[in-house]
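Spelled out from the first residue to the last, the chains are:
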Amino acid sequence: MAFSVNFVSDLLELFRYPFMQHAIEAGTIVAIIAGIVGYFVVLRRSSFAAHALSHIGFAGAAGAVLFAVSPVYGLLLFTGVGGSAMAVLSPRATNRDVHIGTVLAFMLGLGVLFISLYAGNSSQTYSILFGQILGISSNDVLLTLVAGAIILAVVAVVYRPLLFSSLDEDVAEAKGMPTFLLGIVFMLLVAVATSIAVQVVGVLLIFSLMVTPAAIAQRLAKRPRTAITISVGIALVATWLGLSVAYYGPPYPVSFYITTIVFGFYLLVRFFYRRVRPLRMNKDTLPET
Amino acid sequence: MQQPLGGNIEIFNAKPKRGNPLIGYVPQRHLIDSETNIESLELVRLAYSGRQWGFSLSPQDREAAFGAMKDVGAEELAHRSLNILSGGELQRIFLAEALVSSPQLLLLDEPLSNLDLKREKDLVQLVNNIVRSRNVTALLIAHNINPLLPFLDRVIFIANGKVATGRPEEVLTSESLTALYGVPVEVLRDSRGNVAIIGIEQHHGDE
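Protein chains in written order, with our numbering: chain R, 1 to 289; chain P, 1001 to 1207.
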């Protein structure tokens, strides 16, 4: 598709087909949610948990397909149960990776079983793994909107306690804050966010919306609200740009474009942006290499 | 929280519980990740209002946070990120974090570990200033009592399942400490009245 002179009509062209409208609507909601939840994921150093949850979701989605239910319900069920289990089994960060990895391997094994039992074609498996943003129905958009609204409302309520307990869990606990409960709430937020983000980038590429934008934002801003804004901004730009390029340019998968754009942001910030550090150097302030 | 094997513990006329606002706690180790790029003011503000549900930080907690940071001499660190602060600077931020809710008792778990001599001295001086100016009690746990000696009001010595407690001049004698530790301990006084406590090494030939 070639560009015409009129930029506005080119932009409007994006919304001409319902499948593109749905993609833009769902993509926008997912980018906002992933950018926000991702900030807490990075702050709590739980990126492996987020990664694992999406893979656990894969087993759920495969199971849902087997029973002829929409994959998103399987995703919600498995990530919700898996996330709560992780929070209960290892409330502390110590050794968490081992527990998560153990649960993850078992769940992926289940996923393989479900796929082998499913006699239909494998295109659904493929879209769960890598996302299928151009195949989103208006029902999916509605579900995404509801899930997104719930996440936003919960984050607005737990914002301060969650931020404080993510930053300084010991003191938060000593202050009598419900750190265990907050851990479960956090995991459920990640579970729901993951379940809706799978439509856009798939379980294998979830990192690109859930973790990388927030990690970039954390390098750029030292106030949480600024960092969250930047994180959402990067996720939005990558999603919109990815959709546009796939629409106007070479018709490669949208999730490929999104992950590439996010990775570009990451490289840019990682290598061309240096935080201003005080000149005073001692062993505690040496920058990490 | 640990439960006592016997007897009762009471603090401020009540059973100990988590979340007593009269107590400010500084744990021995804070895990601040080298990637955690958050300004220190934000941490102190959250220590003031982080228990409340909801989204906004108010001007009130900003004021309280600045007040606490001023008291620990860390105003100029307010907008610095936690991951670039030195050990001594972080220690002051954590002290402000505990102070910001105006506790009556400060619990400091081994605040002197990992500090060099100069910072150790600065921190002890700082805690002393806070105790006098804010009229709080500081309960400070330490393995090495020497840097604390000039400022102590009361000591609780715990060793080998035994406890010695009282005013420093009563407890800190060569006889009582030797009895407590079960190894020879000497309390030395230099010409300026400084006190130092040292364990005397037993030579193997003495056995």
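Some hints could be false.
Claimed, not checked - FRET-style restraints, in silico, Cβ to Cβ:
(1) P:P1021 x R:L12: 53 to 61 Å
(2) P:N1008 x R:F106: 45 to 53 Å
(3) P:R1018 x R:D97: 26 to 34 Å
Rather than coming from a laboratory, the hints here were simulated on the basis of the structure. Glycine residues also receive a C-beta, built at the ideal position from the N, C-alpha and C atoms.
Each hint tested on the structure:
1. P:P1021 x R:L12: 53 to 61 Å: holds, 58 Å
2. P:N1008 x R:F106: 45 to 53 Å: For F106 of chain R against N1008 of chain P, whose Cβ atoms are near 47 Å apart, the range 45 to 53 Å holds.
3. P:R1018 x R:D97: 26 to 34 Å: The hint (26 to 34 Å, Cβ to Cβ) holds, given that R1018 of chain P and D97 of chain R are roughly 28 Å apart.
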